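These protein sequence lines map, in sequence, to chains C and E. For the first sequence, the numbering used here begins at 1 and goes up steadily by one. For the second sequence, the numbering used here begins at 1 and goes up steadily by one.
Derived by calculation from the structure, the hints in this document are not laboratory data. Just so you know, these numbers come straight off a predicted model, no measurement behind them. Warning: the hint list may mix true and false statements.
What the hints assert, rightly or not - So these bits of chain E aren't anywhere near chain C, every CB distance computed over 12 Å:
hint, residue
1, Lys290
2, Asn300
3, Val307
4, Asp471
5, Thr707
Stated by the list, open to error - Derived PhoX-like pairs (lysine-lysine); straight-line CA-CA distance at most 20 Å:
hint, chain 1, residue 1, chain 2, residue 2
6, E, Lys306, C, Lys100
7, C, Lys100, E, Lys297
8, E, Lys306, C, Lys121
In this text, a Cβ means the ideal position worked out from N, Cα and C, and glycines have one as well.
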Amino acid sequence: MNAVRPHRLMIVDDSNIMRRKIERSQEIPNVEIVGTAGNGREALELHASSRPTLVTMDLTMPEMDGIECVEQLVDRDPDIRILVISALADKATAIEALEKGASGFLCKPFTERQLNDALVKLIES
Amino acid sequence: MKRRRNSFDLSQLLPVVVATSFAAVLTLLLTLGIQRAAQLQAASSALQLASELRSLPQYFGTELTLAQRGLEARTFVGEPLADIATAREGFDKALVRIDADLEAAGLGESADIQRVRGALDAAWQRFVPLLGALGRHKGSPYADTLAGSRLNATGRALKADVDEALTAQAAANRDVGGALKDLAAGLQDTVGDRGRSLRTFLVIGAAVAALLLALMLYFSLRSRRASADARRAERQVADILGTVREGLFLLDRNLSLGGVHSASLTRILHADIVHGSSFEDLLRPLVPAKTLATAMKFVNLLWKEKVHEDLIDTVNPLSQIEARFTRAGGGVETRHLSFAFRRVKSAAGQGEHLLGIVTDVTDRVQISHELEQAKAENQAQLDLVLQLLRVPAAQLQSFVRDSDMALRKSNAVLKQPGREEGELRAKLNGVFREVHTVKGEAAALALTSIAARVHQLEESLVALRERASIDGNDFIPVVVKLDELMSYLGGIGQFADRLSEVQPKGDTLKSVIPPLLADQVMGAADHSLEQLLAQVVQETAAAHSKRVALACRGLEAIPASYRKAAKDVLIHMARNAVVHGIETPDRRLAASKPETAAVRISFEAVGNEGFVLTVEDDGQGLPFEKILDTALRKGLVTPADAARLERPAVYGLIFRAGFSTATEVTEHAGRGVGLDAVSQTVRGLGGAIGIATADGKFTRFRMKLPTPAGERAATHAA
């Protein structure tokens with residue numbers, strides 16, 4: 001947390017409400033939100049331009065889903081830390097995302113505190 | 001981590017390092033001691049030789065004197081001369097040995113000793129040729145004459161040499177003796193030195209050996225203590241593992257089970273735990289194949305450094321599983337198990353093992369199920385009470401009476417004799433009709449909880465009716481359910497009776513429950529309708545900077561079944577009157593009207609035909625042009641129609657859905673719930689609305705309502 005360089009957070013979720021919720025809830029001092037994306041393709045474009053170090057990732061999205069996006073992001077930056085945020089309908093899908101290189105999972109719905117705790121742990125991992 | 005590892009190794013190595021260095025020191029000391037001892041021995045030997053040699057010059061003197069006297073007496077001198085030669089050779093040899101001893105004693109380089117040794121040599125070399133000269137004479141020294149023996153030439157020469165040697169002997173005795181004395185003194189010192197030095201080495205050596213012994217004792221004690229600690233720790237670990245209720249086990253990277261596990265593990269999993277067997281095999285009998293595959297993937301995630309173990313807890317497919325075990329005495333037992341996994345962080349590094357924790361959570365799961373059930377039941381109870389409170393107690397009582405009668409009738413039907421299939425079916429149909437009626441009545445009174453309950457019974461009757469064949473035994477569950485339903489309705493009957501005590505007029509509850517709940521339960525009670533309307537009018541007027549006085553009449557006479565509708569309609573129309581009908585105070589003053597406007601609401605009976613509900617204001621009247629304009633804009637009328645429409649028809653347009661002349665949406669009007677809602681409510685009650693208005697003077701809505709059906713029914717029933 002005391003690192004000189006701030007952590008750069010990208011929010012990926014197809015729901016506008018969820019993106020805003022994450023943006024508003026995030027209150028870790030050393031984390032700066034570099035942008036939000038509504039699907040996997042946008043996320044990859046945003047990654048190219050703003051080089052995030054942290055990502056919150058929805059799994060079910062149009063155009064390119066979360067799993068594929070996780071795979072491609074990790075392919076481009078092996079050090080990137082991804083927190084999958086999704087409703088817990090299918091544990092196997094969440095596990096697949098973690099196998100592809102995500103670092104953690106947060107279950108929807110979540111409280112502000114749960115999100116912030118998860119982000120702190122994401123930075124630690 | 002690395003540092004700790006080194007220090008750990010060093011502490012292990014310490015005894016070895018210490019013992020080795022002590023042994024090295026000891027060896028060095030002993031070597032030096034042996035060297036010193038050898039030097040001491042050599043020095044002593046040299047000293048002894050030097051001491052022995054000191055008597056030799058004296059000896060030469062004696063022997064020379066014997067030879068001199070012998071020559072003078074013409075006796076045989078061969079013996080003293082031979083002794084001198086032998087002693088001279090002995091002296092030479094002794095010198096060589098002294099040199100060797102000096103070398104061995106490490107004095108070869110000693111300047112003092114060498115100087116003394118040099119002086120000895122010089123003294124000896126001065127004397128020794130004289131002794132050597134004695135040996136040159138061969139043959140007898142005597143010549144025998146008649147006068148006796150006399151010295152011959154050889155004798156004379158010999159005598160001269162002996163005399164010369166004897167003369168030199170005193171000096172030699174002094175010089176050689178002095179040099180030997182000095183040498184002996186020097187060697188004495190050396191012997192003392194070497195002796196002290198040897199003693200010192202031996203003392204130090206003994207001290208070092210004692211220290212080494214002490215250290216060895218210390219290390220051996222320490223290692224004994226450490227192994228005792230290790231044994232104690234091992235015992236404690238065994239105690240913990242034997243006592244802990246959770247099943248604890250270790251997994252290595254191949255997901256094989258470790259050798260150590262808690263005793264509970266065997267009990268919880270009903271399986272023997274074999275060291276080195278695979279976790280997957282252990283899990284296989286407990287979970288479906290799909291869960292097993294997901295679980296193995298999940299556990300493997302924990303080896304990934306990038307994954308944070310706390311952030312994947314929620315996706316653990318083994319966090320709660322339902323396992324079936326065969327009981328020892330036969331039968332199957334269902335247990336709920338929860339598996340958790342932690343990375344083991346040890347001093348030797350991270351990620352060598354995973355700690356698995358299994359807990360039997362059956363009790364917890366059951367409690368949570370029971371809690372959920374209790375919650376659902378509570379909710380159902382609350383729903384039921386709310387539903388009951390909406391129905392007037394008298395109606396509720398009559399419903400319970402009727403239903404009870406119907407169910408008793410059903411019971412009686414079921415008890416009638418009849419074994420034939422046809423008879424049974426007739427009975428079934430009879431019961432179904434009765435039950436269905438009860439359900440219909442419950443639904444009509446919006447008692448959905450009761451209706452649902454009756455529906456369940458009806459369902460089982462339907463299921464029975466659809467069966468190919470039935471016999472008398474099939475009715476037993478129906479009778480049981482019927483009994484249950486009757487006792488359930490009996491409870492509701494008691495509730496209705498108590499409700500009637502607090503509702504003397506047969507109304508729904510009004511004063512016994514707080515207004516907020518009352519509003520929620522059954523709409524605002526009538527006695528407060530006037531107050532409510534006054535509040536609505538004043539708030540709306542204040543918000544629009546208008547001054548309004550409200551006058552109500554006859555509202556307490558509104559029949560119970562109209563109250564909810566009347567409240568909705570009046571609140572809406574009162575707001576409408578204030579917002580749209582009444583002008584602002586300055587406009588009223590400009591039109592020579594009183595600053596405070598009047599809104600009048602009245603409810604009155606019109607003979608036997610019904611009632612009239614009137615809402616009237618002394619405002620600006622309905623704006624004909626504006627209404628037409630709006631209707632045209634919103635497409636409610638065509639321009640062609642607009643030209644033909646009479647005034648009353650135009651006024652009627654304000655009751656059409658989607659009509660709102662308010663130019664801005666306010667809290668009080670213009671929210672899209674237009675007068676059409678009012679019109680619908682009134683028409684729903686079988687009534688009609690009439691409008692009277694005069695520009696700049698007033699607007700009056702008259703709602704004609706028929707005598708309510710419920711009221712007629714109630715009267716009829718009574």
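Verification of the supplied hints:
1. Lys290: violated (8 Å)
2. Asn300: violated (8 Å)
3. Val307: violated (5 Å)
4. Asp471: About 47 Å separates Asp471 of chain E from the closest Cβ of chain C, which puts it past 12 Å; holds.
5. Thr707: holds (52 Å)
6. E:Lys306 <-> C:Lys100: Given that 20 Å is the threshold and the Cα spacing comes to 11 Å, the pair holds.
7. C:Lys100 <-> E:Lys297: Holds, at roughly 12 Å.
8. E:Lys306 <-> C:Lys121: Holds - the C-alpha atoms of Lys121 of chain C and Lys306 of chain E are around 11 Å apart, at most 20 Å.
Of the numbered hints stated above, those contradicted by the structure are hints 1, 2 and 3, listed in ascending order.
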